[in-house]
Amino acid sequence: AQSVTQLGSHVSVSEGALVLLRCNYSSSVPPYLFWYVQYPNQGLQLLLKYLSGSTLVKGINGFEAEFKKSETSFHLTKPSAHMSAAAENFCAVNDPGNPDKLIFGTGTRLQVFP
Amino acid sequence: GAGVSQSPSNKVTEKGKDVELRCDPISGHTALYWYRQSLGQGLEFLIYFQGNSAPDKSGLPSDRFSAERTGGSVSTLTIQRTQQEDSAVYLCASSPRPANTEAFFGQGTRLTVV
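Chains G and X are the protein sequences, given in the same order.
In terms of the working numbering, the first sequence is residues 1 to 114.
In terms of the working numbering, the second sequence is residues 1 to 114.
By construction, these hints were calculated from the structure, which means they are not laboratory data.
Treat the hints with care, since some could be wrong.
Said to hold, decoys possible - For lysine-lysine, the following DSS-like pairs were computed, each having C-alpha atoms within a straight-line distance of at most 30 angstroms:
(1) Lys57(X) to Lys17(X)
(2) Lys49(G) to Lys57(X)
(3) Lys57(X) to Lys101(G)
(4) Lys11(X) to Lys101(G)
(5) Lys69(G) to Lys101(G)
(6) Lys15(X) to Lys57(X)
(7) Lys58(G) to Lys69(G)
(8) Lys68(G) to Lys101(G)
(9) Lys69(G) to Lys49(G)
Generate the whole structure from the sequences, applying the supplied hints.
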């Protein structure tokens with residue numbers, strides 16, 4: 001069965017530093033890949049997604065992610081962290097056996113310090 | 001409304017009571033998901049509805065949990081004989097077909113079983 005692993009439940013960076021949030025998936029068939037963000041006391045919203053084509057995708061708020069098939073990874077990056085980026089971030093993939101079913105990782109809480 | 005609406009936003013119930021959580025998806029969205037978000041556990045898939053197809057119930061944790069979707073729109077998640085471990089935030093999401101489109105999430109219902 002498809003699974004998603006987010007390495008590191010908490011990531012802390014200084015304002016202006018590079019943000020790197022890791023995501024790996026398990027299936028041998030490349031799935032659709034998503035990153036969602038949850039700001040405090042809010043619902044989840046889509047940051048970016050990879051379906052096909054260019055392996056580097058850009059999303060909202062300066063985030064981007066790169067799909068690496070050989071590493072079964074879809075890590076999320078942002079060149080320069082802002083205080084406003086503090087949130088819970090979830091990687092999600094669809095289940096190759098049931099493409100409409102989204103499977104989420106356990107989340108990574110991003111903290112940004114001044 | 002413009003987004004996914006969930007009610008109530010907060011629910012406190014006594015152990016052993018039944019509860020019903022409601023989700024109003026975005027109009028025209030054929031797919032509807034229920035997830036459970038527990039502290040440190042990420043998003044746990046519960047159930048998925050797609051149009052008139054039989055729902056994917058593979059994520060329901062026990063037979064105390066059930067869900068229905070009436071008229072392809074509003075959905076109700078029912079938890080019978082609630083237990084303290086049922087305490088969590090229950091999130092509903094909807095999306096249009098096909099599977100590679102964004103899922104839109106509601107704000108969730110925070111359930112506390114005392």
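To see whether the hints hold, each was checked on the structure:
no.	hint	in the structure
1	Lys57(X) to Lys17(X)	holds (22 angstroms)
2	Lys49(G) to Lys57(X)	holds (26 angstroms)
3	Lys57(X) to Lys101(G)	holds (11 angstroms)
4	Lys11(X) to Lys101(G)	holds (27 angstroms)
5	Lys69(G) to Lys101(G)	holds (21 angstroms)
6	Lys15(X) to Lys57(X)	holds (24 angstroms)
7	Lys58(G) to Lys69(G)	holds (18 angstroms)
8	Lys68(G) to Lys101(G)	holds (22 angstroms)
9	Lys69(G) to Lys49(G)	holds (15 angstroms)
In summary, this structure violates none of the numbered hints.
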